[in-house]
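Chemist: Each chain is listed here by its residues.
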Amino acid sequence: MNVITDHLGEFGDGLLLTVELTLLSLAGALAAGIAVAAARVSPVRVLRAAGMAYVETLQNVPLLVWLVLAVFGLPEIGVMAGLFTTATVVIALYQGAYTAEAIRSGINAVPAGQGEAARALGLTFVQSLRLVVLPQALRTVVQPLGNIAIMTLMNTALAAAVGVVELTAAANRVNLAEAQPIWIFVTAGLGYMALSAVVGLVTGTLERKLAILR
Amino acid sequence: MSTRGSTRRTTRRTGRRGTARLLFDEPGPRGRRRIRIATALTVLAGLALAALALRQFAANGQLDADRWRPYGTWPMWRYLLEGLRSTAEAAAVSIALAMAAGVALALGRLSPSRWIRLPSAAYVEVVRTIPALLLVYVVLFALPRYGLDLPLFWKLAVPLSVSNAAAFAEIFRAGIRSVERGQLEAGLALGLTRGRAMQLIVLPQAARRVLPSLVGQSAGLLKDTSLGYVVSYAELLYSGKVLANYNHLLIQTYLVIALIYLVINASLSKLARTLEARQRTRPSRAVREAAPAA
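Taken in sequence, the protein lines are chains L and W. Taking UniProt numbering, the leading residue of the first sequence gets 1, the next gets one more, and so forth. Taking UniProt numbering, the leading residue of the second sequence gets 1, the next gets one more, and so forth.
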């Protein structure tokens with residue numbers, strides 16, 4: 001058991017980096033998701049097509065391919081960015097596609113009368129989306145967004161494959177040094193389970209606070 | 001959803017489906033002008049983005065014809081298609097194993113015996129919150145220490161099956177629960193055992209109802225096979241890595257690979273959507289509310 005206590009620092013750093021990666025990419029994914037979902041319901045046909053192309057392209061190529069392409073490919077065309085930054089942006093854009101689909105389904109669940117009322121009051125497209133439709137749409141998709149948050153947490157592990165030393169990579173390093181795989185990998189697994197439990201708890205609380213009964 | 005006259009009329013007039021009627025009506029002259037302006041701005045922004053990307057590519061010599069020409073030749077494609085075949089093999093085997101385990105786990109979670117129900121539930125809940133890459137590392141670095149050194153293929157297929165079994169289990173469970181109780185009871189009344197009734201009556205109906213989710217999850221598993229990159233199993237992405245190390249056409253190789261994945265997965269997603277649309281016309285609705293979004 002003292003393999004774990006000896007390397008508490010490495011595990012702690014890894015866990016912290018996983019949390020940072022997850023939170024930052026989730027924030028980015030939410031921003032990208034709202035923008036893309038808005039584009040997909042807009043009256044401008046080109047914007048709708050662009051939103052759809054974004055979702056299809058991002059969702060249908062494995063995240064690991066995007067990560068490898070960005071981390072090793074971008075420097076080749078003269079775009080230099082830190083490893084952590086690159087990984088965060090890529091995961092955010094990838095999860096943004098899933099977030100956009102979730103938000104769009106939420107927008108579809110808002111009764112049509114809400115949009116009509118907003119227009120009758122003279123609100124523009126952006127105003128009616130921002131003030132009337134989105135607040136209701138987001139409330140209905142708390143649970144799906146929670147699932148996306150857990151998926152994001154799982155996917156941050158892929159950053160280990162391109163060299164970010166988050167929890168999975170930290171566990172692997174400790175194991176290479178200590179060669180006591182069972183305890184080390186179980187500890188990392190428990191770390192992920194604890195983080196998912198926190199996400200689940202937050203989602204549950206938000207759901208109870210925000211849910212609208214229709 | 002409201003189906004009042006006004007809404008329906010709008011839908012018919014604009015001839016668009018779903019989202020369109022919520023946020024805008026048929027635009028008037030001013031609206032049309034705004035839409036034209038927004039269209040022009042979007043196209044300009046897209047062109048600017050494309051120009052920027054092309055400039056970066058050109059400035060670093062990545063657009064030179066001889067950096068792309070290899071991808072018009074057959075040996076290069078034969079190599080990549082070989083990788084694609086390995087991807088398909090790993091995916092097919094993992095899908096079969098994960099689905100079989102998923103059915104067993106779903107039945108286990110719905111079993112009347114607590115000694116089967118609790119371990120099944122525990123497996124699903126635990127595995128769902130562990131990244132596939134961590135399982136890959138366990139198979140790569142932990143198992144050999146305890147004398148279990150799997151062949152390369154299984155080092156990829158086993159962790160993928162283990163992790164996707166949990167997802168398939170949840171899909172099957174939703175499907176089984178959506179089949180009306182009377183179906184099972186009728187089977188029992190005919191004198192079938194619980195197992196036979198499940199096998200002959202409930203499971204076939206459940207599987208048919210969750211078919212779209214199963215296809216969607218399979219497409220997800222196909223994406224997961226890119227972890228072969230870590231395992232050094234020569235599937236599509238790892239083949240690309242080897243190729244790029246050899247010919248130094250890094251961007252070109254990975255872009256071609258991304259394109260291959262895109263074509264295959266887009267077809268699979270389209271299949272899932274088609275199946276779902278076809279099911280929507282059928283009476284069984286309960287399953288879509290019960291099934292988790294894939």
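It should be emphasised that the hints constitute simulated quantities derived from the structure, not laboratory data. Please read all numbers here as calculations on a predicted model, not as lab measurements. One should not assume that every hint holds.
As the list claims (entries may be wrong) - Which residues of chain L face chain W? A partial, calculated answer using Cβ under 8 Å:
id	residue
1	Leu83
2	Phe84
3	Ala160
4	Ala179
5	Thr187
Said to hold, decoys possible - Which chain L residues stay away from chain W? Per the calculated CB distances, all over 12 Å, these:
id	residue
6	Leu16
7	Leu30
8	Arg48
9	Pro62
10	Thr85
11	Ala112
12	Pro135
13	Leu195
14	Gly204
15	Lys209
Glycine residues also receive a C-beta, built at the ideal position from the N, C-alpha and C atoms.
Chemist: Would the least Cβ to Cβ distance between Pro62/L and chain W come out above 12 Å?
Modeler: 4 Å, violated
Chemist: Please confirm whether Arg48/L is truly not at the interface, meaning its C-beta sits more than 12 Å away from all C-beta atoms of chain W.
Modeler: 9 Å, violated
Chemist: Less than 8 Å between beta-carbons is the criterion; does Thr187/L satisfy it with respect to chain W?
Modeler: 11 Å, violated
Chemist: Close enough to count: is the Cβ of Phe84/L nearer than 8 Å to one in chain W?
Modeler: It is violated, given that the least Cβ distance between Phe84/L and chain W is near 17 Å, above 8 Å.
Chemist: Go through the hint on Ala160/L and say holds or violated, using the shortest Cβ distance to chain W against 8 Å.
Modeler: Holds, because the Cβ-Cβ distance from Ala160/L to chain W comes to roughly 6 Å (cut-off 8 Å).
Chemist: Test the statement that Thr85/L is away from the interface with chain W: the closest C-beta pair must be farther apart than 12 Å.
Modeler: 17 Å, holds
Chemist: According to the definition I'm using, a residue is off the interface if its beta carbon is farther than 12 Å from all beta carbons of the partner; does Ala112/L meet that for chain W?
Modeler: Nearest chain W Cβ is 5 Å from Ala112/L, so the label is violated.
Chemist: When the nearest CB of chain W is found for Ala179/L, is that gap smaller than 8 Å?
Modeler: At about 7 Å, which falls below the 8 Å cut-off, the nearest Cβ of chain W leaves the hint on Ala179/L intact, so it holds.
Chemist: Is the interface hint satisfied for Leu83/L? The criterion is a beta-carbon contact with chain W at less than 8 Å.
Modeler: 16 Å, violated
Chemist: If I take the minimum Cβ distance from Leu195/L to any residue of chain W, is it greater than 12 Å?
Modeler: Nearest chain W Cβ is 8 Å from Leu195/L, so the label is violated.
Chemist: Quick one: work out the minimum CB distance from Leu30/L to chain W and report holds if it exceeds 12 Å, violated otherwise.
Modeler: The claim holds: Leu30/L sits with its nearest Cβ about 17 Å from chain W, beyond 12 Å.
Chemist: Non-interface claim for Lys209/L: all C-beta distances to chain W beyond 12 Å?
Modeler: 22 Å, holds
In terms of the numbered hints stated before, the structure departs from hints 1, 2, 5, 8, 9, 11 and 13, listed from lowest to highest.
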